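Protein chains: 2
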Amino acid sequence: MKTVYPHEIRPLLVDIFQAAGTPSDIAQCVADSLVDASLKGVDSHGIMRVTKYVNEILSGYMKPAARPVIVKETPSIAILQGGAGFGIYALGQAMQIAIRKAKANGTAAVGVTEVTHTGRLGQFVEKAVEDNVIAFVMGGGAYRIPGWVTPYGGAKRLMAPNPWAIGLPGGSFGPVVVDISTSATAEGKLQVYRAKHEQLPPGWILDKNGKPSTNVEDFYNGGFILPFGGHKGYGLSVVAEMLCDALLGMPLPKDMNWFIFAIDIAVFRAVQEFQQAAEAFLSEVKASPPAEGFQEVMIPGEVERHSAQNREITGIPIPDETLQKIQETARQVGIDVKL
Amino acid sequence: MKTVYPHEIRPLLVDIFQAAGTPSDIAQCVADSLVDASLKGVDSHGIMRVTKYVNEILSGYMKPAARPVIVKETPSIAILQGGAGFGIYALGQAMQIAIRKAKANGTAAVGVTEVTHTGRLGQFVEKAVEDNVIAFVMGGGAYRIPGWVTPYGGAKRLMAPNPWAIGLPGGSFGPVVVDISTSATAEGKLQVYRAKHEQLPPGWILDKNGKPSTNVEDFYNGGFILPFGGHKGYGLSVVAEMLCDALLGMPLPKDMNWFIFAIDIAVFRAVQEFQQAAEAFLSEVKASPPAEGFQEVMIPGEVERHSAQNREITGIPIPDETLQKIQETARQVGIDVKL
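Respectively, the protein sequence lines represent chains A and B. Just remember that my numbering sits 920 ahead of the position in the first sequence, which is counted from 1. Just remember that my numbering sits 920 ahead of the position in the second sequence, which is counted from 1.
You may find that some hints are simply not true.
Any copy, or any two copies together, can satisfy a pair, since identical chains are not distinguished.
Keeping only pairs whose Cα atoms sit at most 35 Å apart, straight-line, the calculated DSBU-like set for lysine-lysine is [as the list claims (entries may be wrong)]:
#: 1; residue 1: Lys1245; residue 2: Lys1109
#: 2; residue 1: Lys1206; residue 2: Lys1076
#: 3; residue 1: Lys992; residue 2: Lys1023
#: 4; residue 1: Lys1206; residue 2: Lys1131
#: 5; residue 1: Lys1131; residue 2: Lys922
In case anyone wonders, no lab produced these hints; they're calculated from the structure. Note that the structure is a prediction, hence the values are computed from the model and not measured.
With these hints in hand, go ahead and build the complete structure from the sequences.
So, in structure tokens, the structure goes:
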């Protein structure tokens, strides 16, 4: 395990993306997103992703210079076609449009199609919150791949972990950012349990016969990841799937589409009044005595903010294997670097 | 246990509400809603509620003749003040406005304040789906009461089960209706376990010290209901709370406010294309082999629709005690009836 600092790794990522054919502004946008995710502790969506992204460029799947094009637009809605470009860049552009339309119109909805991986979802609603806009983002539409998640009550690999992110301002508590998948676990977490030969918590997977299991091998032998929270998480997953596929059309073969809706706070209430009311409620939340096994109650998004504050100082810990892969990725695009 | 049919019970409910001072159209709207909820198997939000509603009228808490007033309006948003009237009527009116605005504008958001209980939430998004509008409804803002639900990681009675409902058309499969609370269980369900002296499933409650428990008495001795799905359900509850309180202002002292978001399908895609794409996905869902303990995979909302189909024929089963209470309620407003 090594430690890297944002000022060391960010320029390298920009160089790698540019060397792979990415225009400077998009390379910087994507590098910022990956470093920010790593700072926030969401390592799975952080700097390790450079390897996947460059592989997708080199294989021809991702078009690094593609910029999203608006294919449908009214004062309150837009559909952006990403042209197989960076999802992080395209969803960021879509959120800017959603914010602008919400500010002008009160409410807005924007769809994004034909994009690759979009990174940490919370980053997009954080942008909206900076402008005092409440935003929802959902991803879905990958059922044709299919994904590892079974419908509730079933035993079928069908849906992806269709994520939701929602952001609202929280006054002096900072942005409230809900950033969740609708599956009980990520496949990446199953890999961690597998490597450690540990039992899974109950409620994460079914075996190939549709029987609940805590043996991670049962998943890899044809089993299924469950939706989180039974029929409830399943319902939210179905909603994301239908908004992103039935409403927006088919995504890229290995990815999802995205649906944003945005609400301008000021059209309902003076922003300062909202902030004060939010603080009053969040103060009550923070004043909760902790439950057994907890130090304190966290407001959604607070864990990530704490991580970023720490990692700005201590640096981002990165496993040696990940660093090696980043070096290899750099070499693939002609950059020789020692990390 | 007796059985009643809609054509028997609906006119009685209308008579009771009218005798308690409710205008005919509102009485019919509320009676229809309660009978529909009972038909759909959601007995807790069905005809048994007549007793609570009439008590609230007789105590002066509910104003049965109040009609919601629009206190803020733009082409895409509205805020309705309910004047302490029937929540079922007010939220129904609000949804009509949201549908109309979404049809005109593409997207819309409508808030509802100062209303009493709103019945089964799914009924409102079903109305939107009839008009090919996708709708979200969330309830919250009751943290000052406070509710029984603790924030995740905490041990504090704070939030109500802040519900969410979302509806989308499902082509030949009928409306897809997600109608969920953000708590792991309803307090009413705990009463059922208590009466039967049964152990609770894990993950529903904490005892008064914030320790997980499956003993229902631990809840009644100062314990807490958990959010569903850990930090994920907690996040969704916080979102509903902030949309309905920080954005809309304080609710009535014993109730919640409501927030609707609506999207016109046709502004994104031809409705027929949406329906076909929805069917293609839902066919894959329905084709899932059942998991252990299940007969078949259900599309969200399907269980309720099946219940209604059955109960239209077999009638609505009602416990004797509930029937007696309805008779007493009728008598309180001067109606003598034998059920």
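Measure nothing new, just compare the shortest in-copy and cross-copy C-alpha distances for lysine 992 and lysine 1023 to 35 Å and report within, between, both or neither. Close inside one copy (19 Å) and across copies (17 Å); limit 35 Å.
Given identical chains, is lysine 1245 near lysine 1109, meaning Cα to Cα at most 35 Å, within a copy, between copies, both, or neither? The answer is within: 20 Å in one copy meets 35 Å, while 52 Å across copies does not.
Regarding lysine 1206 and lysine 1076, is the shortest C-alpha distance of 35 Å or less found within a copy, between copies, in both, or in neither? between (40 Å within a copy, 10 Å between copies)
When no copy is specified for lysine 1131 and lysine 922, does a C-alpha distance of 35 Å or less occur within a copy, between copies, both, or neither? neither (41 Å within a copy, 38 Å between copies)
At most 35 Å between CA atoms: does that hold for lysine 1206 and lysine 1131 within a copy, between copies, both, or neither? Between. Shortest inter-copy distance 18 Å satisfies the 35 Å Cα cut-off; intra-copy 39 Å does not.
When the structure is compared with the earlier hints, a violation turns up for hint 5 alone.
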